Amino acid sequence: MVSLSIRYKMLCGGLGILILLVVISCKKPTDTPLEIPESLENGLLTINEGLFQQNNSTLTWYDLYSKKVYHHVFEQKTGMGLGDTGNDIALYGDKIYVVVNNSHTLHVLNKRNGEVIARLTLSNNNSGSSPRHIAFYQDHAYISAFDGSIFKIDTTTISIQQIAQAGTNPDAVHCSGDHLIVANSGGLTSTGDSTISVFQLPELNEVARIKVGRNPGSITEDHNGNLFVMTRGDYAMIPARLIRLNLQTLEIEAEVELGTGAAMTFAAGKLYLAQYNSSLGTSKLMVMHPQTLAVEQDDIIENLSIQTLYGIRYMQIAGQGVLALNDAKQYIHQGKVVIIDLEGNLLFEYTSGLNPNKTIYIPQQ
Amino acid sequence: MVDIPKVVNNVKQMSNSSGYLLWGYFIFTMLFSSGLLFAQPDTLNGKVFHEVEILHKDSILTVPQLQSTVSGALVTREEIERKRPDDLGEITRAFPGVFLRSYGGVGGLKTMNARGLGSQHFLVLTNGMPAMFHQNGSTNLGNIQADFIEAVKFSMGGADEWGIPVLAKTHGGVMQVFTTDYMFIPNRSKVEVSGLYGSFNRHKWSVNTSFSGKKYFVSANGYGMFFGGNYPFSYENGLTTIEDTRNNNSIQEGQIRLGGGIAFKPGQLLQAGVQYYRSDKVLPGAIVFYQPENFQTLLTSNLAGNIKYQLIRKRIKSQNYVNYGLQSTDYRNPFALGGESRERYEERTLDVSHSAGLELSKNSSVNWGVQYIYGALDGNTDAVKQPRRHRSLISAGMRWKPGKWIVRVDLPVQVLTERNHIDSNWRNTPVFTPSLGVNYRMVVKKSILAYRLSLGQSARVANFNELFFGQIGNTNLRPEKSRMFNLGMSWQSGMNRGFSAEIVADGFIGQISDKIVTIPTQNLFVWSVRNIGQVISYGFDASISVSKRSRNDRFGGQLIQKTSLNVSRDITDKNTATYGHQIPYTPYWNYSGELVADWKFLQLSYEVGYYDFRFVLGENIAANVLDEYWLHSIRLSGEIKMKRVRLRIYGKVNNLFDEQYQVMRSFPMPGRNYEIGLKMGWNGKS
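Protein sequences, first through last, are from chains A and B.
For the first sequence, this note's numbering begins at 1 and goes up steadily by one.
For the second sequence, this note's numbering begins at 1001 and goes up steadily by one.
Keep in mind that the hints were calculated from the coordinates and are not lab data.
Certain hints may be false.
Only pairs whose alpha carbons sit at most 25 angstroms apart, straight line, appear in this in silico DMTMM-like list of lysine to aspartate or glutamate [to be verified]:
id, chain 1, residue 1, chain 2, residue 2
1, A, Lys329, B, Asp1573
2, A, Lys284, A, Glu206
3, A, Lys336, B, Glu1659
4, A, Lys284, B, Asp1573
5, A, Lys28, B, Glu1628
6, B, Lys1385, A, Asp234
7, A, Lys329, B, Asp1514
8, A, Lys211, A, Glu221
9, A, Lys28, B, Asp1244
10, A, Lys27, B, Asp1382
11, B, Lys1574, A, Glu302
12, A, Lys28, B, Asp1573
13, A, Lys27, B, Glu1236
14, A, Lys270, A, Glu349
15, A, Lys28, B, Asp1423
16, A, Lys27, B, Glu1659
None of these values were measured; they are calculated from a predicted model.
Modelling step: build the complete structure from the supplied sequences, incorporating the hints.
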């Protein structure tokens, strides 16, 4: 009986210590008080999509002077959440425009302090429109929405002036001269769309619809007035392609197969194409010649640890042209923003929120 | 496993959380109590002891808890009457270690998980027959109303009865639901009528009748429910608390069940049942900031019929059934992007099962089973692809009972053959899920003590959506596998001067591999299903129950305490940010306590439940935390008996302190709510 009792005590003691260790390792992480940037000047502002129906879109601010990262900037500045699935952000004039897809909302912020000037619900026939991207021409913003709508917003009064219809599930928008180019992705349908719409501005009349290929997405323009459209295929059998159009004739001049495609930008006379291969879980940044569409460099970020290249943006910081790359990692972790020069050399990087989508530069006043 | 450096670091930062003291106290109590039992001598002498009351006492379907080789728990009609749960989902709260995922109040989708296993690892058996849905693989526990449930038996690590269908032996957990309409008690008849009225404009009525003679019975029951559903709630939008009302939550549903049976020879029972269920509900969806609430509707109808034959002889027992189910769903979204969308699905299931057992000697028996299940899904969209599945299962097992020991071995094998109308090649998937269980019982003075050990593998196969649906589906999916080891004990006192007690505790450790997860692959609008992930899961479940009745049986009281710890860590890839992190929607701790007091015809019960914080995503950071919550409820009921007529009136207050909480992020739950009900029954001899 005595030995049983000793064994029992040892057993209980061991179990007790084990359980105590487990209990302590189950500690709830708590929010550390977040710092709030006094102003949004001379820094990078990133919109993080979050995840669908999680209400966890956020803005991350990187102060280029202090090198400090500020998370949840919108929440800290306004006391409210940004919303669900933030898709686009842009600086125009003295305002910052934030497009939030599943909240059907446009937030307009003061560029200097980040405080909310206005919030606009984007709906059509009493139903949310799921806005995606924003572009500007003169005193108006043009916003594409997945329900087919193109909203024309007065940037002074922040009010909807007009709603036009494009193709199926409009996605990227691009202003070129007095034309608005809209990529009709068809991304929410099983058959997809294959066209881009061309609208005359400021009337917002559709003047042409051009077939470019399945699931058109990213749009950019070179310094010679050529328009480039990336069609993303069906992510399976139909590959992604790069299309070059003549903006004067609206005819396809050249095209090339890419395999996979995510986004692109034009910088210093070259096209930079972000590609993500979901099968391999790898990303690369290809450099192409805009005239010949020849690949000049297959991957300039192979030495960088970027998992899911989710967004790319060219900007000039202190006179230097740089690329801001957004890494969504596995879509369920905090992402990161990687700043490189045009040769692919790492300048700096920092942690962002969940699924960073786009980064913009806000200069000193 | 426990991350020692992290633990040491956490020790330094350990807060003075009163919650930990509570758990510490509970654990200490458990260890101390079990220690007293360990010290008792083994005096097994074949006495008959008071065990948990089991339904179908003579049935081959159930094994008393103290003889079980797997962990589990039983909820009887008495407990259901006391707690008045809405549905099977609410009943699962009584099982330690089970976390109920609820997407709303009444009528909202409810599924369960436990020990790191998702809802598709759990099988619901209604009267021994699976409630199975091939399209999404899991059962909405909110669709099974509690009114006609006589008992629910939950077994973790598979069920260890030989009489259940083979499919149940392949799952990580089994919930056996026994309904009143399928019970045969000779020469008994009853008619029960009940109704309730509750908060948020909820009305419900039900009728339950059965008539039985010496060799036959017939039963009929049904219910109808209307739920207005608009309830107030508050939630945090950023740093601001928003008060709002959850609209578009209404439900109308009803069910009719008919059953009957003939005991045409001694030990032989032929039963048949048919049921029809229909619900029409509005789906409010998630609360999305700045967005008007959704208005989507779901019309569901379910027609099922079955014939069951049961043979019980001295040395051989056999159970056989044919079960057919037809489920139709009609999903309508009038505000879909690009215009109104309407999706209709029709799912058909045919299930044929034979299981039998043969006693070889007084201490040994063998059992076997074969089962065939056919599943078909059709829909009005091309994305469905009209999949078909043939599922063939076979199992052999043995039970050996040398003295105080019970040793069980089950060796089920299944082969799934699947295809859709696009791909003409059949996809074959063999799955082997063996399990071993040991039980050792001894009698200690006037109490009984049992130890159990089980080691088993289970698998959840990919459902039709995961395999075939649109671009999401992946026909290369492998079954998600789980290996679980369980070591547990049960102790039950004999009745001593009106006092009785029971302690049940189980520790477990397991690994889940080839987890089937749906992840974005190209962007956040293009998802696909993959076999990614490994999880290690460990923890314990424990419960203590004590009850005392006065000598004249006019007063009584019962105290029930249950708690569980579940640590389920992602161990997929050391290079990811989630390595070693707790997996989403898996609370570390659950606790529930209930105090019941009865005096003459009145009964008062007070229940409290604690549900620990969860992470909504795999990364264990503050931004992904969903807060812990406490729920209190109080119930008062009275029962008057006049000869053969019984009248029961009850009232209850749920969420007494108006806790504003979410089980799933963006799905706020109802605050304080009330319910009153009345039940009148007549029992007689036929």
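Evaluated hints:
no., hint, result
1, Lys329/A x Asp1573/B, "holds, 13 angstroms"
2, Lys284/A x Glu206/A, "violated, 36 angstroms"
3, Lys336/A x Glu1659/B, "violated, 37 angstroms"
4, Lys284/A x Asp1573/B, "holds, 22 angstroms"
5, Lys28/A x Glu1628/B, "holds, 10 angstroms"
6, Lys1385/B x Asp234/A, "holds, 18 angstroms"
7, Lys329/A x Asp1514/B, "holds, 21 angstroms"
8, Lys211/A x Glu221/A, "holds, 18 angstroms"
9, Lys28/A x Asp1244/B, "violated, 28 angstroms"
10, Lys27/A x Asp1382/B, "violated, 47 angstroms"
11, Lys1574/B x Glu302/A, "holds, 21 angstroms"
12, Lys28/A x Asp1573/B, "holds, 23 angstroms"
13, Lys27/A x Glu1236/B, "holds, 22 angstroms"
14, Lys270/A x Glu349/A, "holds, 23 angstroms"
15, Lys28/A x Asp1423/B, "violated, 48 angstroms"
16, Lys27/A x Glu1659/B, "holds, 22 angstroms"
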